[in-house]
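Student: First to last, the sequence lines map onto chains A and B.
Going by numbering that gives the first Met the number 0, the letters in the first sequence line up with residues 0 to 126, in that order.
Going by numbering that gives the first Met the number 0, the letters in the second sequence line up with residues 0 to 202, in that order.
No lab work stands behind these hints, which were simulated from the structure alone.
Treat the hints with caution; some may be incorrect.
Quick partial rundown of chain B residues pointing at chain A, CB under 7 Å, derived from the structure [unchecked claim]: (1) 2; (2) 5; (3) 8; (4) 11; (5) 15; (6) 25; (7) 40; (8) 46; (9) 49; (10) 58; (11) 62; (12) 67; (13) 68; (14) 71; (15) 75.
Even glycine gets a Cβ: it sits at the ideal position worked out from N, Cα and C.
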Amino acid sequence: MTWTMSPCSDYANAIKVFTKKWPHEMRAVANNLRTLMQSLDRGANPEQVKSLGFVHGNYALGILSIDETGHEKGSKPKSIRLYIFPCETEKSVYVMLLGDKSSQHNDVKLCKDFVSKKLSTITPKPK
Amino acid sequence: MDAIKTTTQQEFFDEMFETDEEKRALRDFANRRRVVSKLASMRTAKGITQAEFARRAGCTQGTVSKLEAGVDADVTLANIEAYAKSTQSEITLLISDRGKSLADQIKHHALSIREAFMRLVKLAHKDDLIAQGVAKLHAEAFFNINQLLSETAQQLPVDVSGRPLIQIVSETVLPDECDKPAAADSVPKAKKRSKKNEKATAE
Chain A
0 MTWTMSPCSD YANAIKVFTK KWPHEMRAVA NNLRTLMQSL DRGANPEQVK
50 SLGFVHGNYA LGILSIDETG HEKGSKPKSI RLYIFPCETE KSVYVMLLGD
100 KSSQHNDVKL CKDFVSKKLS TITPKPK
Chain B
0 MDAIKTTTQQ EFFDEMFETD EEKRALRDFA NRRRVVSKLA SMRTAKGITQ
50 AEFARRAGCT QGTVSKLEAG VDADVTLANI EAYAKSTQSE ITLLISDRGK
100 SLADQIKHHA LSIREAFMRL VKLAHKDDLI AQGVAKLHAE AFFNINQLLS
150 ETAQQLPVDV SGRPLIQIVS ETVLPDECDK PAAADSVPKA KKRSKKNEKA
200 TAE
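With the rest of the complex left out, here is chain A (with noise of 0.2 Å):
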C-alpha cells in the first residue's frame, strides 16, 4: 500500500529557508526521504527504516529524523534534521519539521508534543 505525506506548518515555515541556504544538503535529505517511502510501500515497518543509514531514532514515541548522509557537498555540510513520524495507523508520514543539529533539543520536545497529541486522538487498529 502506498503511504501518503502528511506535511506539517513548521516544515512549511521552514523549507525555502532551508532549501535556498543548503541545497546540497536539502537534495540529499529529500532523497533519502524519498529512500524511507519507497521502503515503507514495500512493507517496512517503521521499526524497520530505522535501520536506514541517515535514519535517527532514538526519541521516542516513534520519531525519527533524516540526516543529509549522501549529500554531494565537497566539505563541512550543514547537519540538517527533518523529523517525521510514519503513523501506521493513517498509513502517512508526518512531516514535522526541519533543524540542524544545534535546535535538536528544542525540535524533539516540539514534535514529542505533536506526536503525543496526535497519539490520543488516534483509535488503535483493532486486533
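Starting from the known structure of chain A, fit chain B onto it as the hints suggest.
Tutor: Frame of chain A; chain B shown alone:
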C-alpha cells in the same frame, strides 16, 4: 504545530523545491542513486539490518553503509546479486533502446506479464492444486490491473465539456450468475459479462 494537509508522495516532493532548476537538480541527484535507494529499501522491507546483511554478505557493516550512501556508479553486479540473495528477490535486467517511449515500455511489461502467466499455465497442467492457484492469480491480477488503470484514467484531463476522456468500469459477477444459462434475450449482456467483466467507454 499542525498538520496542513495530506498529499501523495509525488505532490509532496514536487512542492519541496520551488524553482525548475532546483527540481531538476533533485531529479538528477535521485537518478544517480536509483539502484542504491532500491537496494536499501529492499533490505529494510525484509527487516534486515545493515549489520545482519553484512554478516550474510561477508563484509563489514561500514561497507554496506558506504554503499547505500553512495551512487549507482559504484555498485557492482555482485553487490546487486548479494542483495537479491539476501532478500530472496529475483534480478531482472532490462536493457532497452535509448529513448524508448513510455508506451513501448508498457507494452514490454505487458508481454513480460503474459510470458510469466504462460509459464504458470504450463505448470497448472501438472497439478490440480497449482491449477486452482493459477486461476485465482488470474482473478487477482485482473482486479489489480483493472484498479490500476481506473486510478490512472481518473487522473487524466477532462474534455472541453468537462467529461472524462475514458471511464473504466468493472462489474462483479457472482459465481452463481456465471453458472446461469443465458436467456435468449440477454445473450449480448451475458457475452459482455463473460468478457472479463469490464467495459471501457471512450467518449
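Student: Each hint needs a verdict: does it hold in this structure or not?
Tutor: Cross-check of the supplied hints:
Taken as an interface hint, residue 2 of chain B checks out: its beta carbon lies about 5 Å from the nearest beta carbon of chain A, inside 7 Å. Against a cut-off of 7 Å between C-beta atoms, the interface hint on residue 5 of chain B holds, since the closest Cβ of chain A lies about 5 Å away. The beta carbon of residue 8 of chain B is positioned within 7 Å of a beta carbon in chain A (closest approach about 5 Å), and the interface hint is therefore held. Annotation: residue 11 of chain B was flagged as interfacial toward chain A, and the flag holds, the nearest CB pair being 4 Å apart, inside 7 Å.
The interface hint given for residue 15 of chain B is met, as the beta carbon of that residue sits about 6 Å from the closest beta carbon of chain A, less than 7 Å. Of the supplied interface hints, the one on residue 25 of chain B holds, with its beta-carbon coming within about 5 Å of a beta-carbon of chain A, less than 7 Å. Restraint check, residue 40 of chain B versus chain A: the minimum CB separation of about 4 Å is within 7 Å; hint holds. Evaluation of the residue 46 of chain B hint against chain A yields a held restraint, the C-beta minimum of about 5 Å falling below 7 Å.
Contact between residue 49 of chain B and chain A, as hinted, is supported at the beta carbon level, the nearest pair being about 6 Å apart and thus within 7 Å. The beta carbon of residue 58 of chain B comes no nearer than 15 Å to any beta carbon in chain A, farther than 7 Å, and the hint placing it at the interface is violated. For residue 62 of chain B, the interface hint is violated, since its Cβ never comes within 7 Å of a Cβ in chain A; the closest pair sits about 12 Å apart. Against a cut-off of 7 Å between C-beta atoms, the interface hint on residue 67 of chain B holds, since the closest Cβ of chain A lies about 5 Å away.
The interface hint given for residue 68 of chain B is met, as the beta carbon of that residue sits about 5 Å from the closest beta carbon of chain A, less than 7 Å. Look at residue 71 of chain B: its Cβ only gets to about 12 Å from chain A, farther than 7 Å, so that hint breaks. Look at residue 75 of chain B: its Cβ only gets to about 18 Å from chain A, farther than 7 Å, so that hint breaks.
The structure is inconsistent with the numbered hints 10, 11, 14, 15, although it conforms to all the rest.
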